[in-house]
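In order, the protein sequences belong to chains X and W.
Sequential numbering of the first sequence, starting at 1, is according to the UniProt record's numbering.
Sequential numbering of the second sequence, starting at 1, is according to the UniProt record's numbering.
The set of hints was computed from the structure by calculation and includes no laboratory data.
Treat the hints loosely; a few may be bogus.
As the list claims (entries may be wrong) - Heads up, incomplete: computed chain X residues facing chain W, CB under 7 angstroms, no partners named:
id, residue
1, 161
2, 172
3, 180
Backbone N, C-alpha and C define an ideal beta-carbon position, used for all residues, glycine too.
Each chain is listed here by its residues.
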Amino acid sequence: MRHRTFFAFILPSLVVMLLFIALPILSVAYQSLFIEHEQAMTAVETCDPFGCKTELRVDAAAMEALREAEPMGKFNGLGTYANSSHLAFDELAAIWRDSPSLGVAFTRMLNLPLYKALSFTLAYTFIVTPLVIITGFFIALGVNAIPGLIKGPVIFFSLLPMIVTPLIGSLVLFWMIDSNGILGASLQRLLGDPSLTLKASPTLTWTVLMVYGVWHSAPFSFIVYYAGLQSVPKDTLESAMIDGASRWERVRYVIIPHLLPLTTFIALMQLMDNFRVLEPIVGFSAAANATSLSYLIYNDLRGAETPLFGSAGATSMLTICGVIILLSPVLLRTWRDFNRKTH
Amino acid sequence: MKNRAERQPLPLMLLCWGFVLIWLITAAFPFLWTLWGSFKVEADFFSYADWMNAVTGTRTIQQTGSAFTGAGYEGAWVEQRFWLAVINTAIVTVCVVVISLTIGTLGGYALARSGFRYTFWILIAALIFRAMPHVTLVSGYLLPFFQLNIWGYLPTTIIVLVAINQPFTLWMLHSFFLSIPKDLDESAMVDGCTRFQAFRLVIIPVMWPGVVTTGLFSFLLAYNDFTVTSMLLTQENQTMVPKIASFLGTVQAENKVMYAVAAVVSAMGPLFVLVLFFQRQIVSGLTAGAVKG
Numbered sequence: 001m002r003h004r005t006f007f008a009f010i011l012p013s014l015v016v017m018l019l020f021i022a023l024p025i026l027s028v029a030y031q032s033l034f035i036e037h038e039q040a041m042t043a044v045e046t047c048d049p050f051g052c053k054t055e056l057r058v059d060a061a062a063m064e065a066l067r068e069a070e071p072m073g074k075f076n077g078l079g080t081y082a083n084s085s086h087l088a089f090d091e092l093a094a095i096w097r098d099s100p101s102l103g104v105a106f107t108r109m110l111n112l113p114l115y116k117a118l119s120f121t122l123a124y125t126f127i128v129t130p131l132v133i134i135t136g137f138f139i140a141l142g143v144n145a146i147p148g149l150i151k152g153p154v155i156f157f158s159l160l161p162m163i164v165t166p167l168i169g170s171l172v173l174f175w176m177i178d179s180n181g182i183l184g185a186s187l188q189r190l191l192g193d194p195s196l197t198l199k200a201s202p203t204l205t206w207t208v209l210m211v212y213g214v215w216h217s218a219p220f221s222f223i224v225y226y227a228g229l230q231s232v233p234k235d236t237l238e239s240a241m242i243d244g245a246s247r248w249e250r251v252r253y254v255i256i257p258h259l260l261p262l263t264t265f266i267a268l269m270q271l272m273d274n275f276r277v278l279e280p281i282v283g284f285s286a287a288a289n290a291t292s293l294s295y296l297i298y299n300d301l302r303g304a305e306t307p308l309f310g311s312a313g314a315t316s317m318l319t320i321c322g323v324i325i326l327l328s329p330v331l332l333r334t335w336r337d338f339n340r341k342t343h
Numbered sequence: 001m002k003n004r005a006e007r008q009p010l011p012l013m014l015l016c017w018g019f020v021l022i023w024l025i026t027a028a029f030p031f032l033w034t035l036w037g038s039f040k041v042e043a044d045f046f047s048y049a050d051w052m053n054a055v056t057g058t059r060t061i062q063q064t065g066s067a068f069t070g071a072g073y074e075g076a077w078v079e080q081r082f083w084l085a086v087i088n089t090a091i092v093t094v095c096v097v098v099i100s101l102t103i104g105t106l107g108g109y110a111l112a113r114s115g116f117r118y119t120f121w122i123l124i125a126a127l128i129f130r131a132m133p134h135v136t137l138v139s140g141y142l143l144p145f146f147q148l149n150i151w152g153y154l155p156t157t158i159i160v161l162v163a164i165n166q167p168f169t170l171w172m173l174h175s176f177f178l179s180i181p182k183d184l185d186e187s188a189m190v191d192g193c194t195r196f197q198a199f200r201l202v203i204i205p206v207m208w209p210g211v212v213t214t215g216l217f218s219f220l221l222a223y224n225d226f227t228v229t230s231m232l233l234t235q236e237n238q239t240m241v242p243k244i245a246s247f248l249g250t251v252q253a254e255n256k257v258m259y260a261v262a263a264v265v266s267a268m269g270p271l272f273v274l275v276l277f278f279q280r281q282i283v284s285g286l287t288a289g290a291v292k293g
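Isolated chain W, as found in the complex (with noise of 0.2 angstroms):
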């Protein structure tokens, strides 16, 4: 039964009920529309004359017979080569969190388990370097960068790019290690092991959750990232976000514009199955933080 402070008189209930409406539609409808207009061609899409344009499909039908077309797709996958990006983007994301993920264990336990001074002000100048824009960072590598001649390549902008997780990283493992009673690898040294032993086989172990969290967020901020990889990539190993963005100019001109609208909706394909599959990882590591720091 529910208890009394809990219920609620019925003009609140539909209140409640009309504001999340309201904010559903809100935050879904963008892009249901985009997936479903990604199916048409450009005088639907972008339909002045009548928005129910987009949703019958008046000109597709006229244009290619069917309502549906996968024109667009095909123009952005085979004609601008967007498979290629693909393929760049699948190697930057695992490479920045296999390589966060690693380090990132490593220094996170330390600064959750040394009671030393400067752990504190390790991780306060970790706070001022996450705060740092990111394009800033940017403009001070590209100079060295073309001098040392690795301008372009993908090992460049993964090692760029997990430096610039690595605060991320190191405040939400070390709220995350915090949580793991220090009994658990301090009984592991008497018992004979070294540190990193303790680290390896006690800690590590039931770290998985925390460390899934982590991963996911990494792994998000290596796929959403614009600026870093835009600046350091050349044409040819361009993830997807700049190759969008790169594209974008072109296609408009060309009346392409479809192109861009498949790629965005091939782009957020694998984002939308990461938040079915691991919805309660990123609740939980969104309010990591907040919690515990």
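Same shape as in the complex, but just chain X (with noise of 0.2 angstroms):
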């Protein structure tokens, strides 16, 4: 194929992603360096008969003025990345010259909404992704050893919670475990405790949370090791037999190396999801007690009056460091397998 005619044929794709996913990139990382415009205020005299005074007010004119000369808003440079919402040097050096321990430090760091976001998110990611490769496994293991016939509807139903929109599939959870549904109102005659709630305890929402993740994407994993198992070798796990192997040296010295590459594959896919998990928290409520990177920005932009472009900006530059953090690793590897292919 010529150049000329692969480019005329990948254009519209290509133009199409560097229009609206690498310069929204671009976009974002200008926006992060400007901060919204203060309040103009003009002092207005009123008087009445008890006199005169003056007071400040918001002159709306002068407002539309600035915003129309000024679009971005004002210039702050990296001042957005390092006040208190953000990474928030100041804050960090006195919680370190006052914390008596390092325990102590920690806990206040955590506190800090960028800080708290953070843990919750990389909490998230490597809890929820090893979980689901190993729930996905099992079953795939279990269905594959249920008879044929069965097959069919089982899949059709491991399906479901994988297929359906992740808010609505959050909010079917979050109806059942709120403290009136089926499984709240159970959980708390259970344990004896009618103060646990979704809102007042954090442990729970962390679990719940998670608990949704792994529901969410086992049947992933699953679909995909489910299709792997089709393609083991019968002889090698035959010849793995007369060589008295037993049932679980089998599974783990012929089956799971057998899956290995597909494992790769799956916690790829986890980690680029998990990391920028959204929709949990917004279908549980649960931003008081879990809020997440992607959360942040989300509430930057539709939870205040006013979108607050420069500090969505600066959390999503952080966040865009953290997926190539992420996934530097694969990047590495397959820049190395690259190489020397062509070397």
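Build the complex: two chains, separate frames, hints provided.
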């Protein structure tokens, strides 16, 4: 294929990606250097029979003119990155100075919004991903062992948690686990603690969010592993048996090595998807106890009266750095493979 | 006859059955429960005193006279104007699927058929783009869209969803095209077809299974999206998912949470039908990336 034909074919797709994925990343980077204008105040003198007083009012016309002149806001450099709702350098320094022990310092650090979100995002990513892989693997082993006739219906029901919209799936679970729902009420009775609700208990919130994560993604790893199991070489299994390998040893030394490449694929996909966790936090109304980086951005844009573009931009840039760090092992490996192939 | 390697001792068999059964209940029960509960009144579905109320519908009978009520659906579809969101969702999903398949098949074909160095880099860039959290991209759109005055309209959202979809579509179609032998389009070109004619008349007819599978996933992405649609659409243009999210707060305050439950069940319906008819394609699509990529 000639270069010209190649570009003629790929052009629409490339243009769309550059325009709506690459360009926004640059726009976010630019946005993060600005902050919203301060309210322009004017002194207004009001006089009544008891005398005159001056008070400060928001000058709407001046604000309008200011927005017209500098639509991006006021230039702030890297100030937004350093302020208390982002990397919070001053607060960190204060905590470091005043805390009696490392443990206390750590707890205080996790009260800062960005670090709080980061801790949940990382915990969610690195707890849910392995659990999804393990759960999916065992479901695949189980389904592979049952008779073929009922495999179809089993796969149908297994797909549901993954196919259903994340927000809808989390609402469905939220209504069950809420203190009036079937699971929530039963849990309260079981533990004999009538004050146990999602709102009141951060531990319960974190657990429920992670259970949701596994529930939502386990079907994906199940399907991938199940397809992989169909291609396990039969003769290797048989020769392992002739050599006296027990059932577990066959799983350990034949099946698991065969499925290993699939595990890398699942882990990669899951890391990418779990790192951007947002919908469950909205669905479970869990923002008080657990926020994620994506939720911080969402909240900056939706929660405030006027969207805080600068703040959202700064968090976005930090999130993108996080994604690149997360992907770097994969990228490095592909880069090495590619170089080995071409040299 | 079953081969000896596949025969299982009884306890292991029971363990497998038990595990699969537990998983099935975990996967399916929440949906069945919500479907059943959506026809009850709030006092039954959210019954603190006794969950059996939701099964028998005690309060529903007291309040409405029969064990099932469609009040939630009526409130959601008529009073909250959920039908409007359904129409918007239909427009958005159909457009997204058609556009992303059109430009995706062209791009995927080019990537699969050229051995240039930059092909590899385009695929890697697509992988990085795939990993970008959507909300970070959306925060880059908002301000330019406000200034260009194109915020809030369906076409804007459609093109953004197409773009966000593109990396995934390219990867998937690329791997499907790789499985079609090169000889096919080369012989067509020997017979005098141009590259595009070979693509349209020879390759696309044998690519249908791959196109259908990729289309399904594009549909799911557009249908399930919350981040983009909730930020880029005005109140009247909202699709189902942001609509549910936006009226959730109000109906909870007004003790009409059953409206939201009914809306959620309504939005799940099409997905169930989809899985029912396209189970095979979904399974093959999920594994395509793993086995070939």
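Evaluated hints:
Of the supplied interface hints, the one on residue 161 of chain X holds, with its beta-carbon coming within about 5 angstroms of a beta-carbon of chain W, less than 7 angstroms. Hint status for residue 172 of chain X: holds, given a least beta-carbon distance of 5 angstroms to chain W, under 7 angstroms. Checking residue 180 of chain X against chain W: minimum C-beta separation of about 4 angstroms stays under 7 angstroms; hint holds.
Of the numbered hints listed earlier, not one is contradicted by the structure.
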